[in-house]
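Based on the provided sequences and hints, a complete structural model is requested.
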Amino acid sequence: MFSVVSVVVVSLACVTVVTNASAGDAGKMSFFITSVGPGNGVDLGGLEGADKHCQKLGSSAGAGDRAWRAYLSAQGKDFADQNVVNARDRIGSDPWYNAKGVLIANDVEELHSPNNYLNKETALDENCQMVNGRTEKPNTHDILTGSRLDGTLFGPRFFTDMTCGDWTQSGEGAVMLGHHDRVGPNDNAWTKSWNSAHLSKRCSPEVLKKSGGDGLFYCFAEK
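Residue numbers (this note's numbering): 8 to 230.
Note that these hints are calculated values from the structure, not bench results. Hints are not guaranteed to be accurate.
[As the list claims (entries may be wrong)] Simulated restraints on C-beta separations:
hint : residue 1 : residue 2 : range
1    : Gly71     : Met137    : 15 to 25 Å
2    : Lys217    : Phe166    : 19 to 29 Å
3    : Asn195    : Lys63     : 11 to 21 Å
On a predicted model such as this, the values are computed, not experimentally measured, just so you know. Cβ atoms here follow ideal geometry from the backbone N, Cα and C, with glycine treated the same way.
If you want it as C-alpha coordinates, here you go:
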(Lines of atoms letter the chains of each structure in order from A and count residues from 1; the text may use other names and numbers.)
(Lines give C-alpha, C1' and ligand atoms only; values in the text may rest on other atoms or scores of the structure.)
Protein backbone atom coordinates (compact mmCIF):
# COMPACT_ATOMS: atom_id res chain seq x y z
CA MET A 1 0.00 0.00 0.00
CA PHE A 2 2.83 2.40 0.86
CA SER A 3 4.48 1.97 -2.54
CA VAL A 4 1.21 2.64 -4.36
CA VAL A 5 0.57 5.81 -2.36
CA SER A 6 4.15 6.96 -2.98
CA VAL A 7 3.78 6.57 -6.74
CA VAL A 8 0.52 8.53 -6.70
CA VAL A 9 2.06 11.32 -4.64
CA VAL A 10 5.08 11.57 -6.96
CA SER A 11 2.82 11.61 -10.03
CA LEU A 12 0.60 14.34 -8.57
CA ALA A 13 3.66 16.38 -7.64
CA CYS A 14 4.94 16.10 -11.17
CA VAL A 15 1.58 17.15 -12.62
CA THR A 16 1.44 20.12 -10.26
CA VAL A 17 4.86 21.37 -11.31
CA VAL A 18 4.02 21.00 -14.99
CA THR A 19 0.69 22.78 -14.59
CA ASN A 20 2.26 25.69 -12.76
CA ALA A 21 5.28 25.99 -15.05
CA SER A 22 5.62 29.47 -16.48
CA ALA A 23 8.26 29.12 -19.19
CA GLY A 24 6.67 28.83 -22.65
CA ASP A 25 4.85 25.58 -23.30
CA ALA A 26 6.60 23.95 -20.34
CA GLY A 27 3.57 21.84 -19.55
CA LYS A 28 4.22 19.82 -22.69
CA MET A 29 6.94 17.24 -22.07
CA SER A 30 9.34 17.19 -25.01
CA PHE A 31 12.39 15.41 -23.56
CA PHE A 32 13.04 12.34 -21.46
CA ILE A 33 15.45 9.49 -20.82
CA THR A 34 13.92 6.10 -21.45
CA SER A 35 12.96 4.48 -18.15
CA VAL A 36 13.86 1.11 -19.69
CA GLY A 37 15.67 0.00 -22.81
CA PRO A 38 14.21 -2.42 -25.36
CA GLY A 39 16.02 -5.17 -23.46
CA ASN A 40 18.74 -6.38 -25.78
CA GLY A 41 21.71 -4.20 -24.97
CA VAL A 42 22.57 -1.83 -27.81
CA ASP A 43 20.44 -3.76 -30.30
CA LEU A 44 17.54 -1.33 -30.50
CA GLY A 45 16.22 -2.55 -33.82
CA GLY A 46 18.07 0.24 -35.62
CA LEU A 47 17.01 3.87 -35.56
CA GLU A 48 13.48 2.85 -36.47
CA GLY A 49 13.24 0.56 -33.47
CA ALA A 50 14.68 3.22 -31.17
CA ASP A 51 12.18 5.81 -32.41
CA LYS A 52 9.32 3.37 -31.87
CA HIS A 53 10.52 2.78 -28.31
CA CYS A 54 10.55 6.54 -27.66
CA GLN A 55 7.06 6.83 -29.13
CA LYS A 56 5.79 3.95 -27.02
CA LEU A 57 7.14 5.38 -23.77
CA GLY A 58 6.01 8.89 -24.65
CA SER A 59 2.51 7.58 -25.33
CA SER A 60 2.46 5.68 -22.04
CA ALA A 61 3.17 8.98 -20.28
CA GLY A 62 0.34 10.78 -22.06
CA ALA A 63 2.47 12.49 -24.72
CA GLY A 64 1.73 10.24 -27.67
CA ASP A 65 0.57 13.17 -29.80
CA ARG A 66 4.18 14.23 -30.28
CA ALA A 67 6.66 12.85 -32.84
CA TRP A 68 9.37 11.31 -30.65
CA ARG A 69 12.90 10.69 -31.93
CA ALA A 70 15.82 8.91 -30.31
CA TYR A 71 18.94 11.02 -29.88
CA LEU A 72 21.25 8.66 -31.78
CA SER A 73 23.70 9.01 -34.66
CA ALA A 74 24.10 6.34 -37.34
CA GLN A 75 26.58 5.40 -40.06
CA GLY A 76 26.16 4.99 -43.81
CA LYS A 77 26.09 1.59 -45.51
CA ASP A 78 29.90 1.35 -45.61
CA PHE A 79 33.00 3.42 -44.89
CA ALA A 80 32.75 5.20 -48.26
CA ASP A 81 29.13 6.19 -47.69
CA GLN A 82 28.96 9.68 -46.22
CA ASN A 83 25.16 9.67 -45.95
CA VAL A 84 25.38 9.51 -42.19
CA VAL A 85 22.78 10.45 -39.58
CA ASN A 86 23.63 12.98 -36.90
CA ALA A 87 21.68 12.85 -33.65
CA ARG A 88 21.42 16.64 -33.54
CA ASP A 89 19.59 16.65 -36.89
CA ARG A 90 16.88 14.23 -35.77
CA ILE A 91 15.29 16.12 -32.90
CA GLY A 92 13.77 19.26 -34.38
CA SER A 93 14.57 22.77 -33.21
CA ASP A 94 11.99 23.69 -30.56
CA PRO A 95 12.78 24.31 -26.89
CA TRP A 96 12.72 21.05 -24.92
CA TYR A 97 11.26 20.57 -21.45
CA ASN A 98 11.33 17.60 -19.11
CA ALA A 99 8.31 15.96 -17.46
CA LYS A 100 8.29 18.64 -14.75
CA GLY A 101 8.21 21.46 -17.27
CA VAL A 102 11.84 22.41 -16.61
CA LEU A 103 13.76 23.77 -19.59
CA ILE A 104 16.53 21.52 -20.97
CA ALA A 105 17.61 23.74 -23.88
CA ASN A 106 16.11 26.43 -26.08
CA ASP A 107 17.52 25.10 -29.34
CA VAL A 108 20.02 22.68 -30.87
CA GLU A 109 22.97 25.03 -30.45
CA GLU A 110 22.29 25.61 -26.76
CA LEU A 111 21.77 21.89 -26.22
CA HIS A 112 25.29 21.24 -27.50
CA SER A 113 26.88 24.08 -25.56
CA PRO A 114 27.95 24.44 -21.91
CA ASN A 115 24.79 26.50 -21.41
CA ASN A 116 22.24 23.69 -21.54
CA TYR A 117 20.31 22.67 -18.43
CA LEU A 118 20.75 18.91 -18.72
CA ASN A 119 21.93 17.32 -15.47
CA LYS A 120 21.04 14.68 -12.88
CA GLU A 121 18.08 16.66 -11.53
CA THR A 122 16.61 17.65 -14.90
CA ALA A 123 17.30 14.61 -17.10
CA LEU A 124 14.18 12.75 -15.95
CA ASP A 125 12.54 9.72 -17.51
CA GLU A 126 9.08 9.82 -19.08
CA ASN A 127 7.51 9.03 -15.70
CA CYS A 128 9.03 12.12 -14.05
CA GLN A 129 11.58 9.99 -12.18
CA MET A 130 15.30 10.68 -11.81
CA VAL A 131 17.66 8.18 -13.42
CA ASN A 132 20.36 6.69 -11.21
CA GLY A 133 23.75 8.37 -11.39
CA ARG A 134 27.34 7.29 -10.80
CA THR A 135 27.05 7.40 -7.01
CA GLU A 136 23.89 5.26 -6.85
CA LYS A 137 23.20 1.54 -7.17
CA PRO A 138 22.63 0.34 -9.73
CA ASN A 139 24.54 3.00 -11.63
CA THR A 140 22.75 3.68 -14.95
CA HIS A 141 24.33 6.98 -15.97
CA ASP A 142 25.78 5.65 -19.25
CA ILE A 143 23.34 6.84 -21.93
CA LEU A 144 23.57 5.58 -25.53
CA THR A 145 24.29 8.26 -28.15
CA GLY A 146 26.90 7.15 -30.70
CA SER A 147 27.75 10.83 -31.03
CA ARG A 148 30.46 13.44 -30.65
CA LEU A 149 30.19 16.45 -28.35
CA ASP A 150 28.48 18.47 -31.08
CA GLY A 151 25.87 15.77 -31.71
CA THR A 152 27.37 14.47 -34.95
CA LEU A 153 28.55 11.00 -35.90
CA PHE A 154 32.18 9.98 -35.63
CA GLY A 155 32.85 9.97 -39.40
CA PRO A 156 33.28 6.42 -40.77
CA ARG A 157 36.31 7.39 -42.86
CA PHE A 158 38.31 8.33 -39.78
CA PHE A 159 36.80 6.39 -36.88
CA THR A 160 35.68 2.86 -36.10
CA ASP A 161 31.98 2.16 -35.60
CA MET A 162 30.71 3.65 -32.34
CA THR A 163 27.06 2.67 -32.82
CA CYS A 164 27.17 -1.12 -32.37
CA GLY A 165 26.35 -1.69 -36.01
CA ASP A 166 23.85 1.14 -36.29
CA TRP A 167 21.98 -0.03 -33.18
CA THR A 168 21.60 -3.66 -34.28
CA GLN A 169 24.29 -5.51 -32.27
CA SER A 170 24.17 -6.91 -28.75
CA GLY A 171 27.53 -8.69 -28.64
CA GLU A 172 30.79 -7.50 -30.16
CA GLY A 173 31.38 -3.84 -30.94
CA ALA A 174 31.30 -0.58 -29.02
CA VAL A 175 29.08 2.46 -28.59
CA MET A 176 29.73 6.04 -27.51
CA LEU A 177 28.03 6.90 -24.24
CA GLY A 178 27.15 10.08 -22.38
CA HIS A 179 26.73 10.77 -18.64
CA HIS A 180 23.33 12.29 -17.90
CA ASP A 181 24.41 13.13 -14.34
CA ARG A 182 27.45 15.06 -15.62
CA VAL A 183 29.75 13.06 -13.35
CA GLY A 184 32.93 11.35 -14.52
CA PRO A 185 35.89 9.48 -13.02
CA ASN A 186 38.05 12.63 -13.08
CA ASP A 187 37.84 16.39 -13.64
CA ASN A 188 38.33 16.33 -17.40
CA ALA A 189 35.34 18.05 -19.00
CA TRP A 190 34.76 15.33 -21.58
CA THR A 191 34.27 12.67 -18.88
CA LYS A 192 31.26 14.66 -17.68
CA SER A 193 29.69 15.09 -21.10
CA TRP A 194 26.00 14.23 -21.38
CA ASN A 195 26.45 12.83 -24.89
CA SER A 196 30.09 11.85 -25.49
CA ALA A 197 31.97 10.68 -22.38
CA HIS A 198 33.46 7.29 -23.29
CA LEU A 199 33.10 4.09 -25.30
CA SER A 200 31.48 0.93 -24.01
CA LYS A 201 33.55 -2.25 -23.92
CA ARG A 202 30.94 -4.23 -25.84
CA CYS A 203 27.29 -4.03 -26.90
CA SER A 204 25.74 -6.66 -24.64
CA PRO A 205 23.34 -5.83 -21.79
CA GLU A 206 25.59 -7.64 -19.31
CA VAL A 207 28.65 -5.54 -20.15
CA LEU A 208 26.65 -2.31 -20.20
CA LYS A 209 25.40 -3.00 -16.68
CA LYS A 210 28.88 -3.79 -15.38
CA SER A 211 30.19 -0.42 -16.53
CA GLY A 212 27.26 1.73 -15.39
CA GLY A 213 24.55 1.52 -18.03
CA ASP A 214 21.30 -0.21 -18.86
CA GLY A 215 20.72 0.46 -22.55
CA LEU A 216 18.90 3.75 -21.90
CA PHE A 217 18.83 6.66 -24.35
CA TYR A 218 17.51 10.18 -24.78
CA CYS A 219 14.20 10.91 -26.52
CA PHE A 220 13.29 14.34 -27.90
CA ALA A 221 10.03 15.54 -29.41
CA GLU A 222 10.81 16.54 -32.98
CA LYS A 223 7.54 18.46 -33.18
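Taking the Cβ atom of Gly71 and the Cβ atom of Met137, is their distance within the range 15 to 25 Å?
holds, 23 Å
Please check whether Lys217 and Phe166 have a Cβ separation lying inside 19 to 29 Å.
Holds: the Cβ-Cβ distance is about 24 Å, inside 19 to 29 Å.
Is the distance from the Cβ of Asn195 to the Cβ of Lys63 consistent with 11 to 21 Å?
violated, 36 Å
Consistency with the previously given hints fails for number 3 only.
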